[in-house]
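Position 13 of the sequence shown, counted from 1, bears residue number 21 in our numbering, the numbering being contiguous throughout.
Among the clues, some could well be false.
[Said to hold, decoys possible] Pairs of lysine-lysine residues, derived as DSSO-like cross-links and limited to a Cα-Cα distance of at most 30 Å, are as follows:
hint, residue 1, residue 2
1, 22, 116
2, 85, 22
3, 85, 116
What the hints contain is simulated information worked out from the structure, not anything from laboratory work.
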Amino acid sequence: VLAARVDLLSPIEKRVLQHACIIGRTFWLSALIEIASDLPTSTIVETLDSLIQRDFIVVAEKQARSPVENDQVFTFKHVLIRDVVYNNIPRMRRSQEHAQLALWLEEKIKGNAEPFAELLAYHYQQALSTWSAGFVPG
């Protein structure tokens, strides 16, 4: 049922949702703008509004700590939505976006790494998982 709901989304809605699920169940606008850098910020914001209206994501009630001050925080309405979308992203793209996010996060947390150390390690580990699974580009 969830996969069918995702299939009904527009291509841009799917793309933004895919970028968001790389970040995690809870995600920050600043991080989304970073890994969806091929999209204008206004398009990302409009698409997030649409995804809220369509009941895929919500504005986080409890503001998750972001490395960017006054960041907007969102969360997937249900973890299964994130899982369905995440598992449909090609492994190589997932790996690349995790690496991009890890590099961005590392830059943002300079001088305040401790609260984000586990998250940073997770994204680096996910970035490397394609390679450790025996994937050879070619």
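For each hint, the structure was consulted:
1. 22 x 116: holds, 27 Å
2. 85 x 22: Status holds; Cα separation ~15 Å.
3. 85 x 116: Status holds; Cα separation ~27 Å.
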